[in-house]
Amino acid sequence: MSYLPFAVAVYLFLIGLWGIVISRNLIHLVVCLSVVQSSTYIVLLAVGYRAGGTAPIFLDVPVGRRAVDPIVQALTLTDVVVGVTVSALLLALAVQVHKRSGTLDPELLTSSRD
Amino acid sequence: MDPLIPLTVAVPLLAAALLAAFSPFVTRRVIELSSIAVAAAVTAMCLLLLSGASEAPLVYWFGGHMPRDGLALGIAFVVDPLGAALAAFAGVLVTATLVYSWRYFDAVGVLFHSLLLIFLAGIIGLAISGDLFNIFVFLELLSVAAFALTGYKIEETGPLQGALNFGVTNTVGAFFVLWGIALLYGRTGALNLAQMGETLAGGPVDSLVVTAIALLATGFFIKAAIVPFHFWLADTYATAPLPVCILLGGVVSELGLFAFARVYWTVFDGALASSHEELRILLLAAGALTAVVGAVMSFAQRHLQRMLAFSVIAHAGLLLVGLGLMSPAGLAGAAVYLLAGGLVKASLFMCLGILQHRLGGVDELRLHGRARHMIFTGTLFLVGGLVLAGIPPAGTYAGKALLEEEANLLGLSWVTPLFVLVSCLTGGAVLRAAGKVFMGWGPPPGHSGGEEDAQVGQETTVERDRTPAVMFVPALVLLTAAIIIPFVPGLLGGSEAAAVAFADRPAYAGSVLLGTRHPITEARAHEWTVPTELIAGAASVIGAVALAAFTLRRAPLPQKALGKARTGAERVVGGLTKLHSRHIGDYTAWLTMGAALLGGALAAALL
Amino acid sequence: MTSRGRRGLFLTGAAGLALLLLWGTAGLPDFGDYQHLYGLTLNAESVAATRATNAVAAVTFDYRGFDTLGEEFILFAAVLGTALLLRAQREEEEEPPEDMAPDRRPPHDSDAVRELCLGLVAPIFLFGVYIVVHGHLSPGGGFQGGVVLATAPLLMYIGGEYRGLRTVTPEAPLELVKGAGTGGYVLIGLSGLWFGTSFLDNALPRGNAGDVISSGTILALNLAVGMAVAGGLVLLLTEFLEQTLVLRSRSRK
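Residue numbers (the numbering used here), protein chains in the order written: chain A, 28 to 141; chain P, -11 to 595; chain S, 130 to 382.
Okay, chain A solo, but in the shape it has when bound:
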């Protein structure tokens, strides 16, 4: 059981890549990229988990209480922001692609360029 979080992360990483490979719609593709990214959240948080630990917030629990690693949580926060911004830019590009070429399908986009 202790290996499950890492296996889930590996699964998400690959299934997201698979989605990018077979995608016929750029919006779907950007969402698949977010799936790839969610695997990084899981692996980061998993390496910082401490069995039986609480959240590293010592407002109503005393300092010294067993808590999980706070650093990976800060890293994940940064990762989330990176994901949001990249998605915004890629979606903006997709909006423009659709305006210019009338399609969001990478397949048609590749073949229509003649």
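Be aware that one or more of the hints could be misleading.
[Said to hold, decoys possible] Pair by pair, the computed Cβ-Cβ distance ranges are: (1) S:Ala144 / A:Asp87: 45 to 51 Å; (2) A:Asn52 / S:Ala144: 24 to 30 Å; (3) S:Val242 / P:Ala32: 56 to 62 Å; (4) S:Thr131 / P:Leu21: 34 to 40 Å; (5) P:Phe364 / A:Gly129: 39 to 45 Å; (6) P:Glu266 / S:Leu370: 52 to 58 Å; (7) S:Leu245 / A:Gly91: 40 to 46 Å.
To be clear, the hints were calculated from the coordinates, so they are not data collected in a lab.
Note that the structure is a prediction, hence the values are computed from the model and not measured.
Ideal placement from N, C-alpha and C gives every residue a C-beta, glycine not left out.
Following the hints, position chains P and S against chain A.
Chains P and S alone, transformed into the frame defined by chain A:
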């Protein structure tokens, strides 16, 4: 000296925020002038850091969180001469680009200037950061700015698709890097490069270490466009606005390799010290493959921007060969070559921008003979081609000579012929284009249809009479710099000394974690004007000229004589071209395959 | 490449990559067996050192505050980039909407949706402010609170009050809020250089752990980030909303 270190990043960022906030209240001229002034000031600051760091690396802890008993709590900047030099080089290029694009981005006002300053801060942070996650943050910062800038031409599908492919592949690359960081953090509990290296050096080389280096290498190689992770680059650089290409082609692709070298020599070198031989074979193979693919594809292009894009890939390959020598001398040669090659590529992209400005296009066949009257730009372009081919004693030649000498010392005699071949093809492509566009040599176009035209966007037929000085002067300055590099006093020896420090993991760890001072001792670079190197340099140039002349001949040679060789070459190029399908799904499939192959090869090499 | 060739290439590579990742993660310590000094040390001392009871906030805005500076500018760059990519083109006014099917109409306004959304605007705004200013004490902070703040105007859009949305979120002040928040982060960092030992040094008085006014620059940086994120996200969202709104207003004619 100390406060200067954070200011190199803080000043351009603050300036970007202020420019964006105050843009409605000031004129465009003020925005342009102030952004140029900021970029120039930041460049000067980086040069000051370079002179300070060339005595001993400078360490700066943000927030005053000094390490305790080898445990780093905060983030450090570690300024070594190579990192500072890269930062200063980026500053020069950004300044030159801002001058060059004085009137280019009229439509978007302050956005371009702000993004460019953010981009500069990203490069500087990446170059001197001593923290792996911090490197990731700065890599993403400059990538996000670059994604937006490459998609600037929203009225055409080509650039938009190029920017999308750029964004998707490079973001996947960032996630590979992040996975590598997570694995290393799970093992070492550190993000500081020096601390990670110390912990790994005392531990085993097992599945985790191999996977971590494979994932980090994949991520950085995607950014550096190493085969088979390179596909996105040709699409993006061939369609992005030319002022943006100056930066992309001049310095950005190389950042991936710099990051890889930095991480390897600070984190992994201790643990993998006994596997240098195996790693060398692997990196050299990847570098050689990349160089050849890039050079062949470059020569096969008629769209000049796409041609230079593949040239960038070929140069990344040569740089990886330099890193793959796994020695300080190899690093020093690569650094000199990065500098000189970056300058000449930037200058050539500037020339294309002038062609675009004057004649409304950059297609070799369409422009056939139409630039005969542009003598100055033509001369610049021609000399640029010769420098790209590595004409002695230009900086590109010096960099290659240093690498070839080191390779020969290591018994790798095939490196010199590889360099000559790649130089012939990339230089020859530029010379051929110069002959066609500026001289009107070669068979005039006519029969050849516009099959490739639409790939590269609309070309207008606007013609302008004058080349603005702001476009010509930066191109001239950068090209001159590329030529005189070897004669800058102390540059070659200094780069050798800097490379020795760069590759000295224990010294790096000592100065970061214990605060000990490790003075950088003087070193002598290899001789770069020995007869064998001069012959190799001459062979590159003669080969490039001959190749260009061969393709420019008016009368077609008898088919029989060359029939077989020719169809063979055409088949290779055709096959390669087919692989560059512009389909993001293809590219992702390739990069997955590449990651698996790299992982497998590293596992075989290291265990 | 054919679709089949592409899938084949990917699946072969993915099999190898899956093996590599599984093999690599097998080298990690068991899940939950966390022994690293970095996290243990910060959990033990960060409250006393920074007076922030939220150790994650202490990491984000103090120990690793420099990462967060980069992160804030990534968001800033994305907002600039989106504005660059979605800028209005001259010929766009004349283009008829392409993807609007003739039988597709905007949904009828629903009073229930409208009242609910508008009623929620003020509480959500207040909640966002709360999340921002308590970031150093409890879960939350500038990023999270900034996102909550940005949803308040978005609710007005969902409630069908686009005009009202533009009235309460005019562009120029938003730019100013975003710029002040983003530039403010750098300025607070510089204050550390001025008053303290180094860039981003926590040189302000830190107060008592658990108080709202405490933890020195962590609170100040949270406020700066909250402004930057809220302003930036609203600008980002309106860029996208304007793309769809052009179509919608035409179809009503």
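These are the hints, each one checked on the structure:
no. : hint                            : in the structure
1   : S:Ala144 / A:Asp87: 45 to 51 Å  : 48 Å, holds
2   : A:Asn52 / S:Ala144: 24 to 30 Å  : 26 Å, holds
3   : S:Val242 / P:Ala32: 56 to 62 Å  : 58 Å, holds
4   : S:Thr131 / P:Leu21: 34 to 40 Å  : 54 Å, violated
5   : P:Phe364 / A:Gly129: 39 to 45 Å : 43 Å, holds
6   : P:Glu266 / S:Leu370: 52 to 58 Å : 55 Å, holds
7   : S:Leu245 / A:Gly91: 40 to 46 Å  : 45 Å, holds
Hint 4 alone, counting from the list given before, is not met by this structure.
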